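Student: Given next are the chains, with one letter for each unit.
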Amino acid sequence: MIDSLYMPYLMRIEKITCEAPGVKTFRLKFVNEEDENKFSFKAGQFGEYSVFGAGESTFCIASSPTRKGYIECTFRQAGKVTNALAGCEEGSVIGFRGPYGNIFPIDEWKGKNLLFIAGGIALPPMRCVIWNALDTRENFNDVTIVYGAKSVSDLVYKDELQDWENRKDVKLVTTVDPGGETPDWKGEIGFVPTIVEKVAPSAENTIAVVCGPPVMIKFTLPVLAKLGFKDENIFTTLENRMKCGFGKCGHCNVGKMYVCKDGPVFTQAQLKDLPDEY
Amino acid sequence: MNIERRLVRKNSLEKLFEILKQNKKSVFAPVVKNGKASFKTVESFSTVAEDYIQTTQSSKELVFPRVEKFLDYEKNGKDVSVKGFDYQNVPDTVLWGVRPCDTIGFGALNSIFNWDYKDEIYNARLAKTTILSFSCNKSDEYCFCTSVGGNPGSTAGSDILFTKLGADGDYLAEVITEKGQAIVALAPGLFEKADTADKEKYLADVPVKFNQKEISERLEKFFKSEKWVEASLKCLGCGACAFVCPTCACFDIQDEEHGKTGSRMRCWDSCGYAQFTVHTSGHNPRSVQSQRWRQRIMHKFSYMPERLSVYGCTGCGRCSRACPADMNILEHLISIQEVKL
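Taken in order, these protein sequences are the chains called A and B.
Residues in the first sequence are numbered from 1 upward in steps of one, following our numbering.
Residues in the second sequence are numbered from 1001 upward in steps of one, following our numbering.
Treat the hints as calculated values from the structure; they're not laboratory data.
Quick caveat: nothing in here was measured; it's all calculated off a predicted structure.
Among these hints, one or two may not hold up.
What the hints assert, rightly or not - Quick list of in silico lysine-lysine cross-link-like pairs, BS3-like style, CA-CA up to 27 Å: (1) A:24 x B:1078; (2) B:1221 x A:272; (3) B:1118 x A:42; (4) A:272 x B:1021; (5) A:68 x B:1078; (6) B:1075 x A:29; (7) B:1213 x A:256; (8) A:256 x B:1227; (9) B:1078 x A:272; (10) B:1033 x B:1021; (11) B:1025 x A:256; (12) B:1118 x A:218.
Please put together the full structure from these sequences, using the hints given.
Tutor: What follows is the structure, given as structure tokens:
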């Protein structure tokens, strides 16, 4: 029923998972089968999710393109739209426009080691590419995931973390900030940059994907540089304020780039050429 | 197509207007009220302003309305039904009396709305619009179209351009497009042959004030200049400059709810607003006004030329006329040209 760029697909909330305080994951199914049949996306892309009457909000698609028939999004209750989303029940219909933006160039990473570094609520935009890599595991060498949050309760995707922990072909390191641990916590205690320095694989033939709050990224990048990672081998995904998602509304314009069109995925080398307006 | 030159007698304009109305065209034309000209949907030729330099608002609202409804929805329990944009109701419109600095602006809007994804709603409105522009016989100190590639008699973006040949003269009508020819076909008797009429001597004299290409090249190295702070100290962040601009097209998308029904719409927005870039977390990539003023100038004179091959300024001068703090874009651009790099 797409009759303009702004017309959303209607999506039914099939499943709601509470990930952490104020953080939920929705599994969304297309209401109209023909919409589902023509829909496809790639890891790294995002969409505009809407509650009719409250408005639209931008998140990455958090599920992998290798898992067909649904998409997932994970969001924290923070503003008007995310609060309205959080108030939705299973079976409710919401809007979705997308997919928009560029992708993680996972096809170019064949034969390489992958190092995923995420902090807090920034695991969701990376979960898509992690599952994409794990579902095509034979294409990659070592896979390392470093995931940190303020406290144990702030870690999202707890079942999947257990799943990754159990896999022999994934090295998962979880950490919480000092003071955020529980008595039975078996992971690391410390900030993400420190843990990365301790557990990161050699930079040789390795791609690093980093997503997290600005302060985590700020202190992780020098660590990666020290470990020998080149800027063009460090990827991140930006989260500028957006409205349209396709390069018209002007909100996410940074320098000559539109985060929605040229991103959201950028290498550190690309970001160095951009004004510091993200 | 080649431009066809025709002569329209001064007292034939009213007949043309009436024929347009008889053909069920909506006519959007400048009307003067309390000394200010603004575009309105007009029914009678007597209300159309002729002697004005510039309207306060540009005519962009015809193709990019201040509020554009994308869809209506109705909630029924957990289900929602949605009705999309009503293309049938886009009126067949003649934009009458617009200046060349606005018609050139449609080129910039076309690029923004079509450079990648095609905006069907914008395109539907433009397709139903015929642009009858009028050359400028006079200008004021805010005008600088000739510095940004335009001129008071430019045909760019128009379907027919009328130029008044002398204070009490007839009009040269330059028929530029097929849409323009379709208007001539409605009233062929009003468009006489005009072989010798020379419009140039009747046009306003708008001197060139800066070199646009040089400004663009300078801006590449100017991002970190302290001039931005100095130039924007007066800025209130009111966004008036963006609202009156013929090429500013930034927008917000908002829902309006009335019980179980409501609609989603886009509304004009401005990069001059603090909220334009603020994240839900509170982080604001452009947290101070000088960064936002810089974005406005960089976007128009550096980013758009590079990405869209079109400038985001037509030299209409509206932003300077409208600014409540008396900021002047022309003075600012000249000062950028004069700075030693």
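Student: Compare the structure with the hints numbered earlier in the document and write down the numbers of the violated ones, lowest to highest.
Tutor: 4, 9, 11 and 12
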